[in-house]
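Colleague: Listed here are the chains, written in short residue letters.
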Amino acid sequence: MAGNEEVPPPALSAQQPSGSVKTLSCTHCGAAISVKYPGSTMTVVCNSCHSVIDVTDENYRILYQFSKSTQVCKPRIQLGTRGKLKGEQWEVTGYIVRQDRASCVTWDEYLLFNPYHGYRWLTENNGHWNFVKTIKENPAIDCAWSSRRHAELDGKKYKLFYDGTAIMLFVLGEFYWRIEAEQKVEMEDYICPPEMLSSERDDKEVVWSLSEYIASNEVAEAFKLRTDELPQQQGIAANQLSPWSARWEKISRLWIVFFALLTAIEIGFCVTAANKSVFKEGYPYIPNSKSTQTLTTSVFNLEKSSANLSVKFDVPDVSNSWFYSSGELVNNKTGEVYPFERTVEYYFGVDGGESWSEGSTVNQILFSSVPGGDYYLNLDFESGSFKDLASRTFFVMVRRDVPDYANYFWCLFFVSIIPVFTWIRSRSYEVQRWSDSDYSPYASSGD
Amino acid sequence: MLTLACPSCGAAEAFRSKASVFAVCSFCKSTLVRQDMDLSAVGKMSELQDDMTPLQIGCQGTYAGKRFELIGRLKVGYSDGFWNEWYALFADGSPGWLAEAQGFYAMCFEVATREIPSSNALTPGTNVRLTAQSVFQVEDIRQVKCLYSEGELPLFATQGRESTSVDLTGPDNGMATIEYAGSDVRVFSGSYQEFDDFNFNNLRKLDGW
Numbered sequence: 001m002a003g004n005e006e007v008p009p010p011a012l013s014a015q016q017p018s019g020s021v022k023t024l025s026c027t028h029c030g031a032a033i034s035v036k037y038p039g040s041t042m043t044v045v046c047n048s049c050h051s052v053i054d055v056t057d058e059n060y061r062i063l064y065q066f067s068k069s070t071q072v073c074k075p076r077i078q079l080g081t082r083g084k085l086k087g088e089q090w091e092v093t094g095y096i097v098r099q100d101r102a103s104c105v106t107w108d109e110y111l112l113f114n115p116y117h118g119y120r121w122l123t124e125n126n127g128h129w130n131f132v133k134t135i136k137e138n139p140a141i142d143c144a145w146s147s148r149r150h151a152e153l154d155g156k157k158y159k160l161f162y163d164g165t166a167i168m169l170f171v172l173g174e175f176y177w178r179i180e181a182e183q184k185v186e187m188e189d190y191i192c193p194p195e196m197l198s199s200e201r202d203d204k205e206v207v208w209s210l211s212e213y214i215a216s217n218e219v220a221e222a223f224k225l226r227t228d229e230l231p232q233q234q235g236i237a238a239n240q241l242s243p244w245s246a247r248w249e250k251i252s253r254l255w256i257v258f259f260a261l262l263t264a265i266e267i268g269f270c271v272t273a274a275n276k277s278v279f280k281e282g283y284p285y286i287p288n289s290k291s292t293q294t295l296t297t298s299v300f301n302l303e304k305s306s307a308n309l310s311v312k313f314d315v316p317d318v319s320n321s322w323f324y325s326s327g328e329l330v331n332n333k334t335g336e337v338y339p340f341e342r343t344v345e346y347y348f349g350v351d352g353g354e355s356w357s358e359g360s361t362v363n364q365i366l367f368s369s370v371p372g373g374d375y376y377l378n379l380d381f382e383s384g385s386f387k388d389l390a391s392r393t394f395f396v397m398v399r400r401d402v403p404d405y406a407n408y409f410w411c412l413f414f415v416s417i418i419p420v421f422t423w424i425r426s427r428s429y430e431v432q433r434w435s436d437s438d439y440s441p442y443a444s445s446g447d
Numbered sequence: 001m002l003t004l005a006c007p008s009c010g011a012a013e014a015f016r017s018k019a020s021v022f023a024v025c026s027f028c029k030s031t032l033v034r035q036d037m038d039l040s041a042v043g044k045m046s047e048l049q050d051d052m053t054p055l056q057i058g059c060q061g062t063y064a065g066k067r068f069e070l071i072g073r074l075k076v077g078y079s080d081g082f083w084n085e086w087y088a089l090f091a092d093g094s095p096g097w098l099a100e101a102q103g104f105y106a107m108c109f110e111v112a113t114r115e116i117p118s119s120n121a122l123t124p125g126t127n128v129r130l131t132a133q134s135v136f137q138v139e140d141i142r143q144v145k146c147l148y149s150e151g152e153l154p155l156f157a158t159q160g161r162e163s164t165s166v167d168l169t170g171p172d173n174g175m176a177t178i179e180y181a182g183s184d185v186r187v188f189s190g191s192y193q194e195f196d197d198f199n200f201n202n203l204r205k206l207d208g209w
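Top to bottom, those sequences are chains A and B.
According to my numbering, the first sequence holds residues 1 to 447 in order.
According to my numbering, the second sequence holds residues 1 to 209 in order.
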């Protein structure tokens with residue numbers, strides 16, 4: 001079966017299909033050109049003068065002559081070498097340097113050949129590599145929103161990343177089609193990392209291909225090169241898989257589970273909370289003064305062996321003034337003391353035409369776990385900024401087993417730290433990826 | 001199976017398919033035309049440059065769960081390339097065509113269609129309803145010439161035979177071909193399949209691969 005034989009060393013492979021290698025003299029410079037796969041090759045490039053020659057023409061017509069001033073590009077992977085990629089042996093038979101006309105960005109393309117599986121491309125752009133296969137099926141293009149154009153193939157959506165005109169700067173090797181002079185194609189790239197769908201359109205046809213991002217060390221390993229012989233990687237490639245997106249996907253799912261779980265627990269607490277009023281009493285106070293002796297409330301009973309407890313101060317008359325109380329919850333039997341202090345203050349006014357307010361006429365304290373038994377409160381209090389000194393009333397309310405949201409929100413906060421961090425990293429990766437594109441979904445509308 | 005003697009060299013020519021009307025003698029390369037039990041030599045097939053195809057006559061494969069064997073080959077060329085059309089005989093005696101080009105393999109079968117559009121009416125991108133089930137899109141239209149043939153074939157595949165070939169693609173790796181050869185118009189439809197999925201055996205030996 002295909003490709004399961006031993007890799008012949010390059011020296012051997014160069015002379016291996018000796019029966020079929022065809023030799024001709026360059027029509028332009030006379031140098032000897034050997035065509036390794038004459039039966040499948042239409043175009044060959046002279047190694048010496050870089051004339052592009054039609055092998056199928058009996059006079060070996062020159063199709064294209066690169067001007068002498070054109071710089072000579074050197075392929076990083078030698079033509080004629082073989083490497084195993086995606087489980088198959090591939091021989092590098094051609095090398096093309098292309099350029100985007102508008103941005104002048106260049107990239108390299110290596111044509112790979114395997115007699116059983118045909119042709120593939122290995123492309124290199126900024127040190128990033130793609131393994132490319134021509135496909136026969138035409139993806140469906142959705143142009144509903146021109147700015148969010150995408151292609152669809154086998155149920156996968158690919159977002160438009162690039163379109164432009166590409167020209168050929170340099171070619172070397174042999175090719176299965178006739179390379180036309182000044183060949184330029186309209187290109188479109190649609191991404192769904194680690195894959196990319198590309199179309200190349202000329203006046204005759206549209207060819208679609210599917211690229212898969214591959215790590216440069218995979219390329220180096222396949223063609224037995226040192227990683228430093230390959231170009232240094234720069235930036236993020238169009239279809240490079242984000243290390244954060246998979247993490248974000250996993251974590252966000254986990255986060256939703258936690259969120260649902262915490263919410264369910266909280267709802268459970270709230271529903272089962274007895275929220276029972278155990279004490280309520282109003283007491284007089286003289287504004288703008290300090291209580292002279294400690295007020296002791298009547299004894300009230302707390303049910304349940306242990307539950308939370310809220311002490312709430314309601315001072316309806318604070319109005320641009322304050323009321324402060326320091327006190328303690330005392331167990332009538334054991335004498336155990338739970339001290340607390342609270343200020344109730346409420347301010348409001350109009351500033352530059354805008355009305356404002358701050359604080360409120362109530363304030364409370366929550367003890368998270370208080371054992372059952374008989375209790376009373378000791379209270380000292382003080383107030384200020386009242387306009388007159390007429391005696392007023394403040395109310396103290398004690399509730400047992402009340403619903404509490406603080407723990408819930410704290411838990412949510414801590415559970416959200418990692419997901420939020422991951423999301424930010426994931427998003428900034430995508431922003432960087434799309435910064436090379438004219439179709440970035442992250443670009444501000446002003447761009 | 002019908003066996004006739006090559007009128008040129010006397011070698012036995014086996015016709016495995018009843019539909020075969022043409023053969024190339026594997027010994028003397030005479031091109032032979034069959035009329036019932038009569039075999040007449042009409043010319044010679046000249047050898048062609050090796051095209052690295054891994055297929056050969058006698059090669060067997062599987063398509064849609066059915067085994068087939070390649071019994072004939074037609075190599076056609078156009079201005080920018082060439083491809084092979086392998087005449088396949090399935091175990092049940094039904095024929096098919098295995099198109100092979102640049103590592104793409106598609107098996108297709110002749111289909112009866114109510115009306116076939118004229119080749120002039122087609123341009124790349126045109127949608128054509130060839131069968132009741134599916135619409136195909138025209139990929140390219142090529143003037144092709146028979147470059148080479150071997151084995152047995154259901155058409156007179158002499159070198160230089162000219163035709164117009166329209167390639168179409170459909171959903172789910174579907175493909176179709178319309179062949180206009182003079183007044184003779186035939187439509188084939190089938191699908192692409194990966195090389196490995198054919199489970200080929202008796203492949204041609206390719207040195208170094």
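Please note that a few of the clues may not be correct.
Interface residues of chain A toward chain B, partial, derived using beta-carbon atoms under 7 Å [unchecked claim]:
id, residue
1, 133
2, 137
3, 205
4, 386
In silico DSBU-like cross-links for lysine-lysine, where the CA-CA straight-line distance does not exceed 35 Å [said to hold, decoys possible]:
id, chain 1, residue 1, chain 2, residue 2
5, A, 133, B, 44
6, B, 66, A, 22
7, A, 159, A, 290
8, B, 205, A, 22
9, A, 22, B, 18
10, B, 145, A, 204
11, A, 276, A, 312
12, A, 184, A, 84
13, B, 18, B, 145
14, A, 250, A, 290
15, A, 156, A, 276
16, B, 145, A, 133
17, B, 145, A, 184
18, A, 84, B, 66
19, A, 224, B, 205
20, B, 205, A, 136
21, A, 304, B, 18
22, A, 204, A, 133
23, B, 18, A, 86
24, A, 204, A, 74
25, A, 312, A, 250
26, A, 156, B, 205
27, B, 29, A, 84
28, A, 387, A, 333
29, A, 159, A, 184
30, A, 74, A, 224
31, B, 66, A, 133
32, A, 333, B, 66
33, A, 133, A, 74
34, A, 136, B, 145
35, A, 312, A, 224
36, A, 290, A, 276
37, A, 156, B, 18
Calculated from the structure, these hints are not laboratory results.
A virtual CB, placed ideally from N, CA and C, is assigned to each residue, including glycine.
Colleague: Now, for every hint given, state plainly whether the structure supports it.
Modeller: A quick look at each hint next to the structure:
Contact between residue 133 of chain A and chain B, as hinted, is not supported at the beta carbon level, the nearest pair being about 9 Å apart and thus beyond 7 Å. Among the interface hints, the one on residue 137 of chain A holds; its C-beta lies about 6 Å from the nearest C-beta in chain B, closer than the 7 Å criterion. For residue 205 of chain A, the shortest C-beta to C-beta distance to chain B is roughly 6 Å, which falls under 7 Å, so the interface hint holds. Hint status for residue 386 of chain A: violated, given a least beta-carbon distance of 83 Å to chain B, over 7 Å.
Proximity of residue 133 of chain A to residue 44 of chain B is assessed by CA-CA distance (about 39 Å); at most 35 Å being required, the pair is judged violated. Taking the CA atoms of residue 66 of chain B and residue 22 of chain A, the gap is about 39 Å. The hint is violated against a cut of 35 Å. For the hint linking residue 159 of chain A to residue 290 of chain A, the alpha-carbon distance of about 71 Å lies beyond 35 Å, and the restraint is violated. Among the hinted pairs, residue 205 of chain B with residue 22 of chain A is consistent with the structure: their alpha-carbon atoms are about 20 Å apart, no more than 35 Å.
A distance of roughly 40 Å separates the Cα atoms of residue 22 of chain A and residue 18 of chain B; the hinted pair therefore is violated under the 35 Å criterion. Only pairs whose Cα atoms come within 35 Å are accepted, and residue 145 of chain B paired with residue 204 of chain A is accepted, the gap being roughly 20 Å. Using a Cα cut-off of 35 Å, the hinted pair residue 276 of chain A and residue 312 of chain A holds, with the two alpha carbons roughly 13 Å apart. Taking the CA atoms of residue 184 of chain A and residue 84 of chain A, the gap is near 31 Å; set against the 35 Å cutoff, the hint holds.
Our distance criterion of 35 Å between C-alpha atoms is met by residue 18 of chain B and residue 145 of chain B, whose separation comes to about 25 Å. Restraint check for residue 250 of chain A and residue 290 of chain A: not satisfied, since their Cα atoms lie roughly 59 Å apart, outside the 35 Å limit. For the given pair, residue 156 of chain A sits about 57 Å from residue 276 of chain A by alpha-carbon distance, which is inconsistent with the 35 Å threshold. The suggested pairing of residue 145 of chain B with residue 133 of chain A holds, with an alpha-carbon distance near 28 Å, which does not exceed 35 Å.
Between residue 145 of chain B and residue 184 of chain A the CA atoms are separated by roughly 28 Å; this keeps the pair inside 35 Å, and the hint holds. For the hint linking residue 84 of chain A to residue 66 of chain B, the alpha-carbon distance of about 31 Å falls within 35 Å, and the restraint holds. A distance of roughly 27 Å separates the Cα atoms of residue 224 of chain A and residue 205 of chain B; the hinted pair therefore holds under the 35 Å criterion. Restraint check: the Cα-Cα separation between residue 205 of chain B and residue 136 of chain A comes to about 27 Å, which is no more than 35 Å; the hinted pair holds.
Taking the CA atoms of residue 304 of chain A and residue 18 of chain B, the gap is near 97 Å; set against the 35 Å cutoff, the hint is violated. A distance of roughly 20 Å separates the Cα atoms of residue 204 of chain A and residue 133 of chain A; the hinted pair therefore holds under the 35 Å criterion. Straight-line distance between C-alpha atoms of residue 18 of chain B and residue 86 of chain A comes to about 43 Å, which puts the hinted pair past the 35 Å bound. With a CA separation close to 30 Å, the supplied pair residue 204 of chain A and residue 74 of chain A stays within the 35 Å bound.
About 43 Å separates the Cα atoms of residue 312 of chain A and residue 250 of chain A, which puts this hinted pair outside 35 Å; it is violated. Simply put, residue 156 of chain A and residue 205 of chain B have alpha-carbon atoms about 39 Å apart, too far for the 35 Å limit, and the pair is violated. Of the pairs offered as hints, the one joining residue 29 of chain B and residue 84 of chain A is violated, with about 39 Å between alpha carbons and a cut-off of 35 Å exceeded. Of the supplied pair hints, the one linking residue 387 of chain A and residue 333 of chain A is violated, its CA atoms being roughly 42 Å apart against a limit of 35 Å.
The straight-line distance between the Cα atoms of residue 159 of chain A and residue 184 of chain A is roughly 23 Å, inside the 35 Å bound, and the hint therefore holds. The suggested pairing of residue 74 of chain A with residue 224 of chain A holds, with an alpha-carbon distance near 17 Å, which does not exceed 35 Å. Proximity of residue 66 of chain B to residue 133 of chain A is assessed by CA-CA distance (about 28 Å); at most 35 Å being required, the pair is judged to hold. Our distance criterion of 35 Å between C-alpha atoms is broken by residue 333 of chain A and residue 66 of chain B, whose separation comes to about 92 Å.
Restraint check for residue 133 of chain A and residue 74 of chain A: satisfied, since their Cα atoms lie roughly 23 Å apart, inside the 35 Å limit. This hinted pair checks out: residue 136 of chain A and residue 145 of chain B have alpha carbons roughly 23 Å apart, not beyond 35 Å. A hinted pair counts as satisfied when its Cα atoms are at most 35 Å apart, and residue 312 of chain A with residue 224 of chain A does not qualify at roughly 77 Å. Taking the CA atoms of residue 290 of chain A and residue 276 of chain A, the gap is about 31 Å. The hint holds against a cut of 35 Å.
The hinted pair formed by residue 156 of chain A and residue 18 of chain B fails the criterion: a straight-line CA distance of about 46 Å is larger than 35 Å.
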